[in-house]
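In the order they appear, the protein sequences are chains A and B.
Each residue of the first sequence is one higher than the one before, starting from 8 at the first, in the working numbering.
Each residue of the second sequence is one higher than the one before, starting from 5 at the first, in the working numbering.
Honestly, I wouldn't trust all of these hints.
[What the hints assert, rightly or not] On the chain B side, residues computed to face chain A include the following (Cβ under 10 Å):
#	residue
1	G201
2	G205
3	D208
4	F227
5	W234
No lab work stands behind these hints: they were computed from the structure.
Ideal placement from N, C-alpha and C gives every residue a C-beta, glycine not left out.
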Amino acid sequence: MTDFDNDPKPIKTTANELNKDVIKNTVSRRSAIKSGLALMGGTAIAASTGKIANANTPDPLITEVQDWNRYLGDGVDARPYGMPSQFEKDAVRRDVAWLTADAKSSVNFTPLHKLEGVITPNGLCFERHHGGIAEINPTDHRLMINGLVDTPLVFTLEDLKRFPRENKVYFLECAANSGMEWRGAQLNGCQFTHGMVHNVMYTGVPLKYLLAEAGVKTAGKWVLPEGGDASHMTRSIPLEKCLDDCLVATHMNGEALRPEQGYPMRLVVPGWEGNMWVKWLRRIEIGDKPWHQREETSKYTDLLEDGLARRFTWVMDVKSVITNPSPQAPINHGKGHTVLSGLAWSGHGKVKRVDVSIDGGRNWKPARLDGPSWSRSVHRFYYDFNWDGSEMFLQSRAVDEFGHVQPTKDALRAERGVNSIYHNNSIQTWHIKPDGSAENVEVS
Amino acid sequence: MSKLKQPFGFAIFKAAPLLLLIFGSNALFANDVEKGEKLYRQCAGCHQVGPGASHAFGPQLNGVMERVAAKVEGYDFSSAFTDAMAPDVKWNASSLSAFLESPMTNIPGTKMAFPGVKSEDDRASIIAYLAAVDVDGKLATTAEAAISADESNTEKQPRVLAADVEIPTHGVFHLGRVALAEEVAAWDIDVRPDGEGLPKGSGDAVAGGIIYDAQCAACHGDFGEGTGRWPVLAGGLGTLTDERPEKTIGSYWPYLSTVYDYVRRAMPFGNARSLSDDDVYSVTAYLMYLNDLVDEDFELTSDNFVEFRLPNEENFITDNRSEEPYFSGAVEPCMTDCIPGVATVSQRARVLDVTPDQN
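When you get a sec, could you build the whole thing from the sequences and use the hints?
And the structure:
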């Protein structure tokens, strides 16, 4: 595809050039629709409508009757499970092949730059598997509770559905989100730098009810959830957290969990590293000490510059990123009124405030938080301003309700060095050029 | 505008004989029927198969592999589909596979509003299943046996009167059932640094080397150095403060119990839980040997296990991020004139150029 690429077009000035552009976009778009091939319409269309406002020639999209204005579309049941519009084909999860050896132990990224609001659609929630996607028939699934309990128990999914359940929206962020950026700007797009986060409404049973059913012995202090996939994922979690707000979820955003998110049940550990949210959950053990499993020793420990390593760094600290504009979503409309949009979250609680800078952190203005503000859920922010067309260095900085401030990259590196891999919650910079294109940069 | 896709019949069927060669023989099919039956569930919403199958939103697919495309009686195909299949296209492994990859782009205007099956393997399995269904909707007998065995455990139980259900005595809500000792033993395989959870047994590095060479070295390298991007398991001692630290069992991991536990639960990759407890002792001993922690004839047992300490154990500390200045909660962030001068670029992502292409 050459017409519908994401490369920003230079901003045209004369009416003639504008008209050519409109016509070109219109024609190619119509033939594309006719052939059912239109893949990438979004950007080009947005760009052309912005320019039409100034044009002198009537817009054929308005003056002529279009196919979809005349002919009938599909009836009901044509799409038994509805899918996004065919013009949204690039709103998909994507991976970075060189990161890992094998797709079955790998990761892909949520297209944050394509999303609005605070809820991540189920099909776009990033995936991270250690042994591929387990396909489990729910009637074949069992959940066991054992260890320091009065009565070791086995539950089926049907049993689980008879416990009182709750609906809660939480973000899940992989501890390695932004991990490729420790040494410097590397990946060009917020999907890749920040896309290991999603935000979902879970329906689930509070873990404390399941534990009470088995009866935790007084010596019990730690909990080990285990997955039923081929990696048998395990993590040690303090009992306190499990009694506080953990859920065993069966549903996400109203429907059964997706297989890639742990169908038929997963653990929800609000505000804490995604790795702990064990998918395909099949066992919960109670013990008096942590187990020091592979994912809390070899992995998910944070190596510092002096060779010491932090362990049990569970909470995901306060963080934010501007999703639009960003390298995959350049500004196509030229100067004038501009809406900047982004996401902010904190594993400690609610986000209190987000500040935005357009000059690389010299001056900051408070952004507008919009939508629901829930503890340990993603918050949406906007900053509306009049772009004068000159280059910008966009940054966002979140502050949570406890006063934790999102640090700069330099500040974080000064404390930790560059080999921590995990928990990089530093401030991101996008360089917006005079043609509206954007690049991941660092500034001094 | 870049080139329009060729009309379907034109682009794909010209290539059919070639594709057939690639696809190979019927042997491919037999093994795949069972998997194909499962994958077919994504088609079942629109296409019926089986005895008495009738047309639904899509045509019934009994014996479709014996059919000429777009010709089955009593179904009103779209003109786009009929045109693409004219004059007579016979369904076979290659034509069906090509069509199923992306029906809507292959035949613009088809009524089959289905994004397609991207994996070639999955398509082959679905086709194998469809090939096993004859015109009367009967499944070839061997295939049927395999599938019904699979489905027998999901068969509906006769309904029981609610009042006859016995309520267990445990807990608050009296839900679930008591786990049996054998069940707990089968799943509870975790091992702690203090040795809790270790099974009785032993194994030596010599035996471990044989298992390692056969089952681990392909990915992790003959000496634990890792092939390609597969994980490195040995070496790297003293590199933790280097610019590029190498984190291995010997250089980084705090506890030996984690090696035993992890290999037993997750390795070899793709065949987890296949090693015996003694095999895991042997492989663990061999991984210690590869990390220069023991001699090549070393024997690891459930009795001497907890004596061994890994070199980096002392270098792990608990989370103290809250002491870092920006998280202390005491600082009000600066709002104006925070940094002198104008911003200049010090690092650019484009230079590295490691971002995947957009299309």
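Verification of the hints:
1. Because the closest C-beta pair between G201 (chain B) and chain A is about 8 Å apart, less than 10 Å, the hint holds.
2. A least Cβ separation of about 19 Å between G205 (chain B) and chain A goes past the 10 Å threshold, and the interface hint is therefore violated.
3. Using the Cβ-Cβ criterion of 10 Å, the hint placing D208 (chain B) at the interface with chain A is not satisfied: the shortest such distance is roughly 23 Å.
4. Given hint, F227 (chain B) at the interface with chain A, is violated; its Cβ is 18 Å from that chain's nearest Cβ, farther than 10 Å.
5. Hint on W234 (chain B) holds. Least Cβ distance to chain A is approximately 5 Å, under the 10 Å limit.
In this structure, the earlier hints numbered 2, 3 and 4 are contradicted, and the remaining ones agree with it.
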